[in-house]
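Chain order of the listed sequences is A and B.
With the working numbering, letter number 34 in the first sequence gets 34, and the count goes up by one each step, no holes.
With the working numbering, letter number 170 in the second sequence gets 170, and the count goes up by one each step, no holes.
None of these hints come from the bench; they were simulated from the model.
Some, not all, of what chain A presents toward chain B, calculated at C-beta under 10 Å:
# : residue
1 : Thr6
2 : Ala7
3 : Leu409
Note that the structure is predicted; figures quoted are calculated from it, not measured.
Backbone N, C-alpha and C fix where the C-beta goes; we use that ideal spot for every residue, glycine too.
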Amino acid sequence: MLRSLTAGIVLAFAGSRANVARTILSCAGIVVGVGALILVVTAGDLGQRFATAYSEANAGRAATLEVSAFGTVTDLDSFEEDLGRAGALEVSVYNRMESAPPLRADDEVIRNTDIVGVDAALGDIRRINMTRGRWFTEADLDSRAPVLVVNEALADRLGDFGDVQIGTDHWADVRIVGVSQGSTFNANQYSAYLLRAPSSGEIVFGPSWDPEDNSLPQPTYLARVDPSDEAAEEMFSGGVFTDRLLSASWRWGIENEEDIMVYRTDYAAETEELIGYLSLGLIGIAVITLTTGLLGVLNVGLVTVRERRRELATYRALGASRFTLFVAVVMEAVVVAVVAGLIALALSWALVAAGGALIGRFVWLPPDISMAVPPSAALVGLGSAAFVGLLAGIIPAIRALRASVVAGLRE
Amino acid sequence: MTVDTPHPVAATGRQPTPPLLRVEGLTRHFMVSGTRIDVLHDCTFDVSRGEVVAVVGQSGSGKSTLLNVLGLLDEPSSGAYTFDGVDTTSLREGRRSRLRGDGIGFVFQQFHLLERRSALANVGVPMVLGGVPLLRRRTRARELLEAVGLGHRLHSQPHQLSGGEQQRVALARALSREPALVLADEPTGALDAASSTMIMDQLIDQSRVRDAAVVVVTHDPKVAERADRVVELVEGRTR
Numbered sequence: 001m002l003r004s005l006t007a008g009i010v011l012a013f014a015g016s017r018a019n020v021a022r023t024i025l026s027c028a029g030i031v032v033g034v035g036a037l038i039l040v041v042t043a044g045d046l047g048q049r050f051a052t053a054y055s056e057a058n059a060g061r062a063a064t065l066e067v068s069a070f071g072t073v074t075d076l077d078s079f080e081e082d083l084g085r086a087g088a089l090e091v092s093v094y095n096r097m098e099s100a101p102p103l104r105a106d107d108e109v110i111r112n113t114d115i116v117g118v119d120a121a122l123g124d125i126r127r128i129n130m131t132r133g134r135w136f137t138e139a140d141l142d143s144r145a146p147v148l149v150v151n152e153a154l155a156d157r158l159g160d161f162g163d164v165q166i167g168t169d170h171w172a173d174v175r176i177v178g179v180s181q182g183s184t185f186n187a188n189q190y191s192a193y194l195l196r197a198p199s200s201g202e203i204v205f206g207p208s209w210d211p212e213d214n215s216l217p218q219p220t221y222l223a224r225v226d227p228s229d230e231a232a233e234e235m236f237s238g239g240v241f242t243d244r245l246l247s248a249s250w251r252w253g254i255e256n257e258e259d260i261m262v263y264r265t266d267y268a269a270e271t272e273e274l275i276g277y278l279s280l281g282l283i284g285i286a287v288i289t290l291t292t293g294l295l296g297v298l299n300v301g302l303v304t305v306r307e308r309r310r311e312l313a314t315y316r317a318l319g320a321s322r323f324t325l326f327v328a329v330v331m332e333a334v335v336v337a338v339v340a341g342l343i344a345l346a347l348s349w350a351l352v353a354a355g356g357a358l359i360g361r362f363v364w365l366p367p368d369i370s371m372a373v374p375p376s377a378a379l380v381g382l383g384s385a386a387f388v389g390l391l392a393g394i395i396p397a398i399r400a401l402r403a404s405v406v407a408g409l410r411e
Numbered sequence: 001m002t003v004d005t006p007h008p009v010a011a012t013g014r015q016p017t018p019p020l021l022r023v024e025g026l027t028r029h030f031m032v033s034g035t036r037i038d039v040l041h042d043c044t045f046d047v048s049r050g051e052v053v054a055v056v057g058q059s060g061s062g063k064s065t066l067l068n069v070l071g072l073l074d075e076p077s078s079g080a081y082t083f084d085g086v087d088t089t090s091l092r093e094g095r096r097s098r099l100r101g102d103g104i105g106f107v108f109q110q111f112h113l114l115e116r117r118s119a120l121a122n123v124g125v126p127m128v129l130g131g132v133p134l135l136r137r138r139t140r141a142r143e144l145l146e147a148v149g150l151g152h153r154l155h156s157q158p159h160q161l162s163g164g165e166q167q168r169v170a171l172a173r174a175l176s177r178e179p180a181l182v183l184a185d186e187p188t189g190a191l192d193a194a195s196s197t198m199i200m201d202q203l204i205d206q207s208r209v210r211d212a213a214v215v216v217v218t219h220d221p222k223v224a225e226r227a228d229r230v231v232e233l234v235e236g237r238t239r
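Next comes chain B alone, as it looks inside the complex (with noise of 0.2 Å):
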């Protein structure tokens, strides 16, 4: 693990809290035809609440893979992975659905918003999901898109907006049911410069105003440079 800033909490003075998610000598490795591929060695690295991390590393280097086992999207082949205390390495399917869907919101690099739903019904799922009754679910996915500046864009679909709103209907999905931790996929690499810049404004703006911790993979040095620590990924290995 490579600290190429100051830790904030050491910065700010603020108390220590215990590590949101905590990664322990985690290795994924894949068998493609009979032959073993591996993808993450031996990784170890810890992201607190508050705290924008930055993954970078060059393309092959199990950014991605990372951000999936970190997501409870892929499970590791060894190692441990701690989120919020739980152990997730023994969790079942259904419980690990349930623990993705309460603590970790997704910001993907090609948005992946519903097709042919509104920007309102779209940041809503994961309310459906999480059981949010109607009226609820409405006036906060609402609330959630005039923060992100999209109030008069709520009964937009996806195909209505620009690349840079689908993505901050995105950001606001993933903040719907307020995680504790926002993943984030290459958030502004389907982006220009200037909506690059907001978008990331607004990611970090709304996880500090939450309290939710950032993992956001990039190739983009600018992007990187706005999070509080950088973890390198060189071959599969934290640096």
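Chain A extracted, bound-state conformation (with noise of 0.2 Å):
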């Protein structure tokens, strides 16, 4: 059996070598339902691994709650310990100023800086694509200066950090740390993150510092739950993490469920949803395609096996048994829909990375993302080639060991 198998393959591999092309005929059609086959694949893979970066970034990694008090808290370190007993696993002040305190370098006032005050927990919470330097650590906490994270727009246009300072009822100096990357919303815009610490905390929670502004302060943070927890099922409040927050509402100082809005930010799970949706249609298309590609290699093989009687006979004569020739010519059959696998594949490659490089221009792309044919798709590409030239193959093998041998050999 063993001796019959082996030689299946070495005359399969053989023939394949002998006949490039018979080869390449049956190559064409598998060729382009495979290389649909991988993009496919690939297409899925990129879009959903971006929408989970870009979720990520801008909206937190499962589950993130965004938590806002209407009014005045009146004991903050209650408020973060509730959201804690909530089912928070991290948690971290999320403070949009509405009228950001203005920055200057080398004396030239820079406003309309969009400026968030954070925890260092941000990091754990959401993605932060860095460029430069770092994001915040608790050591940051110590320093006398606040400290930034600002992104490019603004890290161009304060220059080297040398000279910066933040403006409230006075100039301070500011420490800048690192710079974050920006996405296509905002890569124009400056922004920055202002870590809570003593010697900001007056900024993060302070006034408008805007004169004109007599809005309320308005706390908000974000708040990263087990996805598991029913509490990460929260949609605008009215919800497990809602009612478990307010249980205790009475430490500090807001009562009202409709002073409290939670809901959750991030969204990868359904973008993913949807993009495996996609997928599925275009997988569709692509198993269509590489049908068309059976029945091509499935028709080349017929005709192939007829007008090879004579040289199977032969083989028979030799001392081939059935066996033996039914693994050569489905072998054959495989082995010519891996080899078109593989240009498939290579082209794959190619045309991903060209397509990555174009994209790249126009789309902004998180930097652990790289536009590359991943593993998954390689597989599901090879794998699906050898089993369409299984599948291609054993019609004509079971014609070929129908043949009677002493006609194949008067032919």
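Fit chain to chain and form the complex, with the hints in mind.
Pasting the structure below:
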């Protein structure tokens, strides 16, 4: 059995090598089908990774809740403690200042900077892509100067960060520890994260820095809960998380349910689901293309078996068993299909690399996402190619077995 | 069975050995559109190792059918065929293939070399089927091609060889697994006189060297003359 199997495989390789024209002819349909399949799986994979990265960078990891309190929170420490009790694994203040204080660099005042007061824990809740320097650490809490992470646009404006101040009732020096990557949406807008620390607490939670603005302070937090926790299903309050939080609201001075707004911000799961459906549709099209390729190989296989009756009969005369011949014919189709799969993989790889270079010029891509064919797509492509070869080889192989040896030798 | 020349065993005084193949009361018929056509009737003969036997007869006398049965490519309708001590009539397909590959070499009139493969690769095919490792296969194929005078054409493909050279490649292929029996179906039928002589010389010489029995189906009286014995088939019956 093993001898027959080995002999069948050796003959299959020799046959494929000897009949290059037939091999190329059979390849064409499978190259297109497998290429389409690889590209679809790659696109789906990239889409899912991009959606996850984008959601994690802009809306938080699963499951992130934004919690806003309308009105004065009398005891922020107790409020934050209760966020933990309500199910938050990580908590960070996320106070986007309605009217942020200006910055000054080299005596030039920069207004309209979007400043968000945050804790270092934001780095665990959201994906922060740094292009230079680092994210906040616990050590920054001891800094005497307010500590900032700025986006690339602001970094370019600020120059070498040597002489930068923030303007409240006076100009105070700031320390910039890193530059974060901007997204497509805020690429040209100045923005900065300000670390909540003793040196900056007043700025983070203070009144509006616009003298005309009389609105009440509105502390906002991001809290990440376990995605399997029922609190993760919170949608615009009225859920488990809000109930848990409000159960001790007397400790921090807000008792009305309407004054607390909680909603889930991350959306990667929904996007992935959508991409999944889209991919399924595209995979369906690719499978149809692949089936056409299969029929092509099957057709070539059937024709060649008819044309090769004498050759196959010669093999039998030289001692090949029916099983050996069956393996040889099936394996020839598999070899052809796998060669086609490899060609499709190489073409897809080149296409994705070229497409990635082009797309990267116009669309923001997270730095950890590379435009490449993922191993899963390569495996799916080569696996389906081998499977198609197997299917396309079986019928010609059965035909080959049925052929009369004596009649074949007379041809 | 007709014995035209003395049996070599008797002639040389060697110790008698059991026959390599024995055919007893062998018949073969085919059904064509409901009509039975008897091709072989009650054939009986045997062949020993080292013996060269020519099977002669007119077209349609059943020579090729007999050769196919002897080569285990076809099964008799009745009668017994024992090869190398094995009753082949009860063998399953896999065992028949194994016995054919291990014990029988074929030389065809039309050579039946595999196109687009070198002479070396063609000679190697039976060894591939026999599970001979690559290096040994190549060495042996080279030796065999050198033995038939084609050491300089190892990498030539069939279409680059003359008819005589192709038949020598086919002979080397037939001998590659050192078979006990070589079956040659009109081996010189497609060759000129000089090539025919050379092929028959080599077929007989190489077989003698390897102590293989040779059964040659031929129309050519000159080829039949070279055999130790002649079996004549007349309307499917051995004489």
